[in-house]
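K.L.:
By the count of UniProt numbering, the sequence shown reaches residue 1054 at its end, each step adding exactly one.
FYI, nobody ran anything at the bench for these hints, they're computed from the structure. Some hints here could point you the wrong way.
Stated by the list, open to error - Derived DSBU-like pairs: lysine-lysine, alpha-carbon spacing no greater than 30 Å straight-line:
1) Lys82 to Lys10
2) Lys733 to Lys623
3) Lys933 to Lys1009
4) Lys811 to Lys827
5) Lys582 to Lys534
6) Lys582 to Lys1027
7) Lys10 to Lys37
8) Lys979 to Lys1009
9) Lys979 to Lys1033
10) Lys979 to Lys582
11) Lys583 to Lys733
12) Lys534 to Lys486
13) Lys770 to Lys811
14) Lys390 to Lys481
15) Lys486 to Lys451
16) Lys811 to Lys747
17) Lys979 to Lys947
18) Lys1009 to Lys904
19) Lys933 to Lys868
20) Lys968 to Lys582
21) Lys82 to Lys979
22) Lys180 to Lys168
23) Lys623 to Lys747
24) Lys583 to Lys1027
25) Lys10 to Lys968
26) Lys390 to Lys451
27) Lys968 to Lys1033
28) Lys168 to Lys72
29) Lys904 to Lys947
30) Lys582 to Lys976
31) Lys770 to Lys747
32) Lys904 to Lys976
33) Lys904 to Lys933
34) Lys37 to Lys979
35) Lys979 to Lys968
36) Lys811 to Lys824
37) Lys10 to Lys583
All values derive from a computational prediction rather than experimental measurement.
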Amino acid sequence: MYNFVSTVQKPTAVYHSVTGCFTSPNERNLIISKGTKLEIFTLTPEGLSPVLDVNIYGRISDMRILTATGDKQDRLFILTEKYKYCILAFNSESRELVTIATGDAEGTIGRPAEAGQIGIVDPECRMIGMHLYEGLFRVVPLEHGQPVRESFSMRIEQLQIVDMVFLKQCAKPTLALLFKDTRDARHIVTYSIDVVTKELIEGASQDSVEENSTMLVPLDNGAMLIVGEMAITYMNLKGNSQPVTISIDHTHIVAYEQIDRDRFLLADDCGSFGVVYVGSSSGDSQLIRLNSHIDPNTGSYISVIDQFTNLGPITDFCVVDVEKQGQGQLVTCSGTFQDGSLRIIRNGIGIAEQASIELPGIRGLWSLSNNSNPSSLHRHLIVSFINSTKVLTFSGEEIEETEIAGFDSNATTLYCGNTTENNHFIQIATSGIYLVDSSSLMRLDQYTPEKGSINLASCNGSQILISQGSNLTYLEISDSKLIIKKEAQLQYEISCLDISLLDGFTSSPVCAVGLWTDISVRILQLPNLNEVCKETLGGEILPRSILFITFEGTNYLLCSLGDGHLFNFTFDVVENLLQERKKLSLGTTPILLNSTNVFASSDRPTVIYSNNKKLLYSAINMKVVSHVCSFNSEAFRDSIAIATESSLVIGTIDEIQKLHIRNVPLGEMARRITYVEEYHSYAVITIQRNDGNNNNNDNDNFNNNNNNGVPLTNYVKLLNEQTFETTSKYALKSFEFGWSIVTCRFKNDDALYVVVGTAFHNEVESQQSKGRILVFRIEDNRLILLDEVALPACVYCLLPFNGRLLAGINKRVQAFNWGVDTNKLTKAESYSGHTLSHSMVSRGHFVLVADLMKSMTLLVEDQQGAIKELARNPLPIWLSRIEMIDDETFIGGDNSYNLIVVQKNAEASSEIDNELLDTVGQFHLGETINKFKHGSLVTSPDMDSPKLPTILFGTVSGAIGVIVSISKDDYEFFEKLQKGLNRVVHGVGGLPFENWRSFSTEHMTIPSKNFIDGDLIETFLDLRHDKMLEAIKDMNISIEDTYRRIESLMHHIR
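With these hints in hand, go ahead and build the complete structure from the sequences.
P.N.:
Structural data, given as structure tokens:
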């Protein structure tokens, strides 16, 4: 089994942030770490402007700015969890990161520091310090203008370090340590560092500071602040002054920033606290401004300049297709406590409806302004029907139906728009072409065919192309006249045509037509209509729409067919050649191409755009769109007009991006979610910090759970699938936490039930000692409790299984039967043999169980209903989540950020081997996975390759990824490409790819096996031509074929 792993959403949770003049001496930069990703911004008057974002071959554990006297630009120090470190600079000319130094601080002995890795920089930039192992302090000496010297370690007596800093304005680098002793008392000690002798010289100290002190803040002249949960102390151990302490409200300070010499900004873990960046790993990050006066509108000194989406931590998600369009969307449980939310994530673009008019039968839409300037406001909306044309005129928010005297309102309009010159309107109807003055609305000139009707039309403001059957006529608009330039009889009947302008042209040198019979596209030269290029499309489906468009300096010709397929070509305007032919599917009905961001109207409306010279396709969150046009009026700025089957809609389109993310704030933490399709609802377990004043529940169990002094209540809630309004909620008991929620149908019962598994957390006993299973029925959008089963152990997971319910209860998997007449659960068979069964999935009669410490176990239900062990994986891996790839192959994510794939040993020669799940793949993802789920965010439009099985996953850091099962042939191809890319794509800071992707735990490291890094493979698409050639030089394949093979697979992912 071979797998291709790619992220569709990079990590969003912010773990570290620093500021400095990194990209230029004159620019102030914000640099943020999102675990495995580094993002660099420049602060501008309008907010943050992105400069660069790069993936890091490591999880960043600390990050610091180096500001050295004499250097024009700051440098950046990065430390990773695998004990690698590097110093980076920024090349202002190439706009690339440059590695100044790299090193490995991993030790052969020593216990990892309990408080985590700490990296600090001497204020005078004389050294970098790292605390990685208990009892050791590692130093990287720095000297201005000299290469970075080799690091070395020194022993320190204190083992349990809480925080450390270098003090300011000291003759020698001086280290201050906040540590705790064996009785948990906290103390301060300082050391000066002699780089020559590699010694720590103990200095002043202070015993017994506040017992909950967590942070040191260095001040001038060797002073410091000691920040605790209830007090802040000023201390200067160099002098004889006594410490000064002030009390604060009980809180947990997690970050600080110095405003000026005398003022500091402190932030706690609740987000309570010039321009300040507030990075968060549990909610959206913000750029805020601290004002000197209260804003009368908000009543706050703080105004939000910008907000940055964070999906993390994703604690659970479900995959749904609410719109029944064949495209899945994720609904994630994101954030914690007051930052908790549901996020609706789909691969596409949202349209926010502003106005809607019931108007069925629309055949075309065009907007008109009373000014020939394309940027002027639109006044009229022209709506075409089967035998008529209506004019809708906008005045503010008022809409009225009017007439333009020069138009033919009794004919179907094929095109309408403004002319390039003289503020004219042009209407091309089935009856003729009408040139109208935009001020008087009177007709200036007209063209009427000698016989028959006009079938098709295209116009670019100064040139017109029309057809009647196989007859093609080319006209130009000049001096308020319609001038016939050329007529031609083509070989076959014309099915579509276009004369759109490409960038850089004031008039088009060519036009494009699609023909019946031979199903071809022809490029014709203007004005003589001579054929200069022919492309046969093949098949039996007619081309129905065609469009010239320029993206990022590249000219394209797009051609859609009547069955929803789309061809795209690059167009060489000099040689008149169509090249790089590609075919994909955007729907099942005829596609109409509009130049509004190339909006493909069909049963699956799509916006086509370009990024990094690649054509990309994003679905729109509307079911069926027949026509669309841009619309920018006084009341509806920067909008689009959309024709659906029954209405005219005016709305705004979201920023074009691959993922559309909608935020549903809850003000509490969503922990688990399941989709209740039959009742058009979501059932969600939430955790709410509350003040005890809210008792609007569907039961009387409302009680506050006290967690570190913070009142908590767990709820089971029912939310409407469209509005996400709470229609019902059920409060759990004191100290009771919801761990699992599923929908379940039981044997001989057609009803759908919501089942919840819980655990009681008793703070006195500090352990979960018991739990419940709750069974709810939904009536009138309310949760009705039917049954509850009290258990002497915790219910960590639930699984509907062949008409029964399976529950992971501590170390046991217990089956329950449902009494249809009694509405009660009764215990049936069980299996014991785990340390803690925290996750289960099933296929058929097989159940895969994740154990907290013993990897995976495969169980089977026999014909009598007994549950027996079939096989297990022997590795001592602490799994976080599991999923079944197919009947034979299973995948899991562990707490060391790895992926592991195991397989049934079908060809085992002995009974013992047959009972083992063999490890057949391993990969270091660098993320903690909280959920696997079969599904996809795309409809797999590429028709040249079969649909591949995909698994989605969500992580603690907010990343969303896709695992695609690929063939052996694909694996061997991408493995060679991966090796080639490693020759040309080097890790930031010199961090090695092979080391990063190796399966790694605290006790072992083994190379990656049978996995492909999709993020690395995708970088090929953005390389320079020479780098592409270098990457594939040993593969006997062209750049074009490599490109196509990558894109073919990526269509299954994003």
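K.L.:
Against each hint, give a clear statement of whether it holds in the structure.
P.N.:
Going through the hints against the structure:
no. : hint              : result
1   : Lys82 to Lys10    : 21 Å, holds
2   : Lys733 to Lys623  : 43 Å, violated
3   : Lys933 to Lys1009 : 22 Å, holds
4   : Lys811 to Lys827  : 16 Å, holds
5   : Lys582 to Lys534  : 16 Å, holds
6   : Lys582 to Lys1027 : 24 Å, holds
7   : Lys10 to Lys37    : 8 Å, holds
8   : Lys979 to Lys1009 : 13 Å, holds
9   : Lys979 to Lys1033 : 11 Å, holds
10  : Lys979 to Lys582  : 27 Å, holds
11  : Lys583 to Lys733  : 58 Å, violated
12  : Lys534 to Lys486  : 20 Å, holds
13  : Lys770 to Lys811  : 13 Å, holds
14  : Lys390 to Lys481  : 25 Å, holds
15  : Lys486 to Lys451  : 17 Å, holds
16  : Lys811 to Lys747  : 26 Å, holds
17  : Lys979 to Lys947  : 26 Å, holds
18  : Lys1009 to Lys904 : 17 Å, holds
19  : Lys933 to Lys868  : 25 Å, holds
20  : Lys968 to Lys582  : 25 Å, holds
21  : Lys82 to Lys979   : 22 Å, holds
22  : Lys180 to Lys168  : 23 Å, holds
23  : Lys623 to Lys747  : 36 Å, violated
24  : Lys583 to Lys1027 : 27 Å, holds
25  : Lys10 to Lys968   : 27 Å, holds
26  : Lys390 to Lys451  : 25 Å, holds
27  : Lys968 to Lys1033 : 21 Å, holds
28  : Lys168 to Lys72   : 21 Å, holds
29  : Lys904 to Lys947  : 24 Å, holds
30  : Lys582 to Lys976  : 25 Å, holds
31  : Lys770 to Lys747  : 28 Å, holds
32  : Lys904 to Lys976  : 28 Å, holds
33  : Lys904 to Lys933  : 21 Å, holds
34  : Lys37 to Lys979   : 22 Å, holds
35  : Lys979 to Lys968  : 16 Å, holds
36  : Lys811 to Lys824  : 24 Å, holds
37  : Lys10 to Lys583   : 28 Å, holds
Checked against the numbered hints listed earlier, the structure breaks hints 2, 11, 23; every other hint is satisfied.
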